[in-house]
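2 protein chains.
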Amino acid sequence: MRIHIQNHPRQPPVFLVTPEQWAEAAERAGAEGAGHRVSFGASEVEFAAVGETIEVLIAGPAALKHLLPALQPDRAPALRFIFSTAAGVDGLAPADVPPVPFANNRGAHAEKAGEFVTMALLMLANDMPQCIEDQKKRHWGQGFTRGLRGRRLTVLGLGAMGGAAAEQAAHFGMRVTGIRATPAPHHACERVVGIEVLDEVLAETEFLLLSCPLTPATRKILDRRRIGLLPPGACVVNIGRGPLIDQDALCDALDAEKLGGAVLDVFDPEPVPEDDRIWTTRRMVMTPHVSVDDAVTYIPRSLDIFFANLNAFRRGAPLLTPVDFSRGY
Amino acid sequence: MRIHIQNHPRQPPVFLVTPEQWAEAAERAGAEGAGHRVSFGASEVEFAAVGETIEVLIAGPAALKHLLPALQPDRAPALRFIFSTAAGVDGLAPADVPPVPFANNRGAHAEKAGEFVTMALLMLANDMPQCIEDQKKRHWGQGFTRGLRGRRLTVLGLGAMGGAAAEQAAHFGMRVTGIRATPAPHHACERVVGIEVLDEVLAETEFLLLSCPLTPATRKILDRRRIGLLPPGACVVNIGRGPLIDQDALCDALDAEKLGGAVLDVFDPEPVPEDDRIWTTRRMVMTPHVSVDDAVTYIPRSLDIFFANLNAFRRGAPLLTPVDFSRGY
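Listed in order, the protein sequences are those of chains A and B. Here my numbering is used: the first residue of the first sequence is 1, the next is one more, and so on. Here my numbering is used: the first residue of the second sequence is 1, the next is one more, and so on.
It is possible that part of the hints are untrue.
One copy or two, either will do: identical chains are not told apart, so a pair holds if it fits within one copy or between any two.
As the list claims (entries may be wrong) - Think about it this way: if two alpha-carbon atoms lie no more than 27 Å apart in a straight line, the pair counts; the simulated BS3-like pairs of lysine-lysine are:
id, residue 1, residue 2
1, 136, 258
2, 220, 65
3, 137, 258
4, 258, 65
5, 65, 136
6, 137, 65
If you are wondering where the hints come from, they were derived from the structure by calculation, not from laboratory data.
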């Protein structure tokens, strides 16, 4: 097929598809990877030169957002399939996305997400936020902590990332409650419940993980009222999107010592402004939106997921990782 | 039997044996826990009042060190067995320890040690030392990192703690090399080698865990020369004892950016003096000797190990966790 890969010039290298990575992935894909005509672009001019002919587009969200006008049927008449090299599509207005099958790379983040959440849970259980604070003050403050076994984790969003996190938590003997739109059982969860009982679950949550997509339904899902439902000393981890949380209310709860700590990888807004109070909020550990993107495996795994979807698409089978813009993920 | 439990008044509560914990452990031990005459003490005066009659002593290292003169055959003629509620006995001069069977609680720390080392490895792999530094400076510095799969961990000291850490590392797909005095295979290690090839192993070590006892043979085992054998960017974790490392040489290597980071729970000396350079050494994460002692399970697990040893002792079988003062552990 006629495939075009559009990189965004200002993206970090971890998110750029190189011709070498493409060649290796095509070889891994076997027959599915052979016989394509492939071009690479990094500017709108480069895209315009090929827009009329391409059938398949591979791009990250920044490139996609820029290209949306050029992807409409009048300007990209042969376009039949779009693959996003990112899982979150909350930056794309559904009305602007051309009406062709659309898949994302969800699953590519799973292993790294499982590791990052494990780190975050262990840092919170070991009271690392306090240790970091003490080290800054040259203070030897011996506080002894409990391990993870038997403790309660709630995973809000049981997709590839939340599922991988739940598996690691179960490995360490935690009791995991999963929350998702369709509450089917999950092998790593003691129970899976629907979003309608979120308030009840929060009241018995020691550790809360946010790993759901950002949609109109999940925006500020952890608002001030719900933060107030968490037991004293509860801890929060966010690897989804910053606006899932009322960030100001979370900072209030931490500074008032109502919560035990937080490890956040995503913020509202990003990058975090220099004068934001969150930088110095008590027991707050921040990572700059890097938690789930493995510097080495991210693009290779994404391309493997692309080829699996391409195979389904060409057979007329359902896509493996379709994006449904009416749900927002 | 006539059992005495000596607590040290200035120890943190996590290390104190309460009558309730003793009663619960005795019940768990079944027949082995029944029929003993038990006393508790927290001062030398309290000990002196019972010293002549006791057959079994349970105490932590601080209490033991104080009691050593009172434990000699002339003053404690009935003493037949000592159990230490700590694994490290490096604070006790071998010549001063009375010549009776001596066991420690090694194994009580294993699960917590496995969790702490997992946290440390993930913090280092995720470049948390840099994230912590960046947060302090209100700097949004996006660096992407690799997961643990396939990466090389060397575990120096494959006892209960090192073994548990190796198991967790293997769970995350790391390639683990174990180093111990008697290089028998270990199920979580790709290979186990003797201490005589330490230098060669260091040269291919991405993450180095020190989890061995402190003895004359291991003091400063990671000296300046050996730190220099580690590849650029290698990371160090220490849950053993501070003097295993030439701390000044480690700080030099970190400040010179030759190493990628360190997570240390133990130091030389402790508590760390306020003016020690280590507090502000680059990419250094410090915890105040709390990593492997679970606030809830530490004493219950230690007492379970005590009863298992008591059972062996009374049957005339080898102790389960004997301390050999000629080896130092």
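Each hint tested on the structure:
| no. | hint | in the structure |
| --- | --- | --- |
| 1 | 136 <-> 258 | both (22 Å within a copy, 23 Å between copies) |
| 2 | 220 <-> 65 | within (24 Å within a copy, 57 Å between copies) |
| 3 | 137 <-> 258 | both (22 Å within a copy, 26 Å between copies) |
| 4 | 258 <-> 65 | neither (40 Å within a copy, 41 Å between copies) |
| 5 | 65 <-> 136 | neither (42 Å within a copy, 33 Å between copies) |
| 6 | 137 <-> 65 | neither (45 Å within a copy, 32 Å between copies) |
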